[in-house]
Amino acid sequence: MNADHLTGAARPVARPRFSASADWIGLAAVLAAAGAGYLLFPDNLALLTRIIGIIMLVLSLDLVTGFCGVATLGHAALFGAGAYGAGIAAAHFGISDPVAMIAAGSAGGALAGLLSGSVILRGHGLGQLVLSIAIVNLFHEAANKAAGWTGGSDGLTDIAPTPLFGVFAFDLWGHTAYALGVALLLIVLFLLQRLARSPFGMLCRGIRQDPIRVAAMGAPVSKTLLAMYVVSGLVAGVGGGLNAISTQVVGLDSVSFTLSASALVMLVLGGTGSLYGAIVGTVVFMLFEDFVSAANPFHWLTIVGALLVLVVLFAPRGIFGTSVRLLERSRRR
Amino acid sequence: MRRILLAAVAAIALGGTALADTIKVGVIGPFSGPFAIQGKNFKAGIDAWTALNGAKVGNDDVEIVYRDLPAANPAQAKSLAQDLVVKEHVQYLAGFYFTPDAMAVTPLLEQANVPMVIMNAATSAIVTKSPLVVRTSFTLWQTSVPMAKVAAQRGIKKVITAVSDYGPGVDAETAFATTFKADGGQIVESIRMPLSTTDFSPIMQRVKDSGAEAVFAFLPSGPTTLGFLKSYNENGLKQAGIQFLAPGDLTQESDLPALGDMALGVTTTFHYSIAHDSGENKKFVAAARTAIGNPAELSFPSVSAYDGMRVIYKMIEATGGKQDAKKAVDAVKGMAWESPRGPVSIDPESRHITQNIYLREVAKAEDGTYYNKEIQTFPNMTDPGLAAAK
Amino acid sequence: MQSVLSVAVDALAYGMVLFVISIGLSLTMGLMRVVNLAHGAFAMVGGYLASYAMRDLGLGYVVGLGLAVAGTVVIAAPIERLLYRRIYNAPELIQVLMTIGITFCVIGIANYTFGSTLKTISLPGLLSGPVDLGFRSIAAHKLFAILCGFAVAAALWYLVERTSFGVKLRASVDNTPMAAALGVRTKSVYAASFAVSAGLAAFGGVVGAELLPIEPYYALRYMVTFLVVVAVGGAGSIGGALLACLVLGAVDTAGRYLMPDYGEFFFYLAVILIVCAFPRGLLGRA
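Residue numbers (this note's numbering), protein chains in the order written: chain V, 2 to 334; chain B, 73 to 462; chain F, 41 to 326.
For the record, the hints were derived by calculation from the structure and aren't laboratory data.
A couple of the hints might just be wrong.
Ranges between beta-carbon positions, derived for each pair [claimed, not checked]:
id : chain 1 : residue 1 : chain 2 : residue 2 : range
1  : F       : Trp-197   : V       : Arg-214   : 32 to 40 Å
2  : V       : Pro-221   : F       : Cys-316   : 19 to 27 Å
3  : F       : Ala-191   : B       : Glu-410   : 44 to 52 Å
Don't be surprised by glycine CBs; every beta carbon is placed ideally from N, CA and C.
Just chain V, same shape as in the assembly:
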């Protein structure tokens, strides 16, 4: 059960054909999708904002799973730390400026990343998976115990973010929260594209493929991975902070095993190892879930299960991965 086996079997070495223009096209596509979302679902911006928050979580998971080959079912610990970081800053310290709350969220996420990374990276394969589960459950239990700070299972309330830049208030329709979310997503994506192309990003991909060889080259394997975990925590923390701002309540679900498992499902659904796979997987999964659960609130779980099975049978590289591959193949003909 080596790290390579986990994520991509014998996939050819990560295609280093990153080009600046492809990055801009990606950003433009995300912006266009965000605009389309606004036009198509003007009445459901809270859902779209929630999706953006989860996209950050899945992107952050992709950084450790897709790029570094770390299998984790405990990534919500980072997201939840971000949400509680932002929420506690607002509810207990009166830091209600949304930008400051996001900063508090990402700090919380980074700290959680450092903490859980330093434990999870000690394991391999199945052991690693179980370590990550243990970590997220410990976080969950700690948040439950510290009810004075976190509100425990009743949720952390009294989060009232002030208007963004002192102008745009967070209202019922969620325009402000959505705009903030889209802006944050674009910034994060822009930075992650740089990161993926940086020597650091390439080193991480190298470690995923062959940690022993990378170590033999003299590169610090565990330090690099831990650094990536902290970066991943920053990103997840931004998502958590966004969630806290737009919902104004933080619940224990944000540090749950369930959320961690759903995030992994969304990532694999979209395709690991490329930032866009994470986005596509999250959007498809959450919109699909929202649609079927509204259509049949009582028995939708079966349909979601069937979707997952079908994707494995017909798009084994994830929706994004398989589409890219089909596109390439048709182009070659």
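With chain V's structure known, arrange chains B and F on it following the hints.
The following block gives chains B and F in isolation, referenced to the frame of chain V:
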């Protein structure tokens, strides 16, 4: 499909000569996942109400829009509520099984001009979060305080409490302990068990070692309750004469077939027993059993949903179908009626339901089924939790 | 002292219930290299079938148990043929996706067909009473679970280590093409061992139903516990799984007795310590 049809009809009606409006009620509850049975009970209560009272108030049709929220998830609760309010144009929000979900939605109400009728979420503080919240269920304080009185009446001096470590459990523990101590009792130990506990034998050993005369317990209904009661019996606590005290969640009717003889003689305090002896209740139970399909699945959330619908109908009537949340809520303040659970009213101050709490004992009926037999009544209980918080 | 002994007996019973259910998962993950998150779903199917056979058809405990195991194997076989066979060599994350999907489907179908109430499996008179151990009494079904655990461990050990099927299985696992070249029908071997694993899950689901009651969410509720057992013991190792169950049962039970408020911390900290000290599990193979 029916919803689409109804919407189409409504659209035509709105576009042409407006004969009747469709008033939508958005219900958020756990209709799938581990708490699916409680969500089913919401629906059964609502269906029973419409079966007995029709789906019309005056000339206006009432339409229910369901949204599934399988587990406590405030972010999803908020987005579902917003979807219901902004897109579906619901005039009323109802349901809400978990406290954090209700908490996440309260900030929306004022701006959305929508009242919220809580059919379960049982933490006292929710009603203080917005003046547009009305609750037709119960609070843990309401159901636990009478149990402390019963314990004192029975001459019990030493009690150990064992509750699940989450909001409702802590509420139950505090409510019981405060009341019991005020009556001169002693709490020898308070255990808070993680929600994921499956094997309760070690807890029972601890209860035994503590020397208490009775154990007061609260756990969420379902598998945990079953495990706890099983351990209580198998580890010889029953034989040792250690009494079992709990709010009625632990002997909810849908769990009784699984609990079986183990539960016989267990006494709990609660606001509703399906076996409550009144004409109103017989009518309700018959309709709700038809609605839920399998009669064994009927349980307490159904009655809160049923009464919640009564409150909503009254609101619609009072506002003439116009969207006016404040007027709607004002109209039900002090409203009193005969519920299937007994006489109830909406406290004008807290907007929480005032109701009888009953001491019940699990008994076996002639046909071999089990039921909660009411043996003592604590009339007209308001929510003591709000007073305690002040 | 009496309390200590008493807690120890509880720990043993809890550990053995975990063992009976988890050992099948350990086999699929260790020998067949499939991360089968749907294992709990098969245990649940077994529980439902037994409950149906006993409560609705009025059959006896032993017959019901047998029917549950056989029925689950019959249900599992086409799933193996159509779905699992395609992911035997897939990356683990793909296996996770597929098996979670299967779990969701099973939960949805169980909820639809059997309703969402708790299902009990009525015990025969022999197993329902208490048994006096001298220093305390214990429920007879717990003793039964302990016995079942040891019996399953012994039988499996014999099957894998001493029979020709075991030889073929280990050969197929270590080097599928070579085993095939030597005339082992690897597909049938995999199908058979998957059936064994599903049957074990069903058996465990029924025997353990007193501790882990059957309801639709069973499949997800206990998934983590089963995974932890396999990881701590070392995937594929029967002795390892047995040891893991005894250790985890002891830690969990003792933790909940000594510090009930922090039982969860106790358990997961122990898991972290064990996994860090033994990255391949207590008795895992390199």
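Here is how each hint holds up against the structure:
1. About 39 Å separates the C-beta atoms of F:Trp-197 and V:Arg-214, a value consistent with the hinted range of 32 to 40 Å.
2. Between V:Pro-221 and F:Cys-316 the Cβ separation comes to about 20 Å, which falls inside the hinted range of 19 to 27 Å.
3. Against the hinted window of 44 to 52 Å, the Cβ-Cβ separation of F:Ala-191 and B:Glu-410 comes to about 59 Å, which falls outside the hint.
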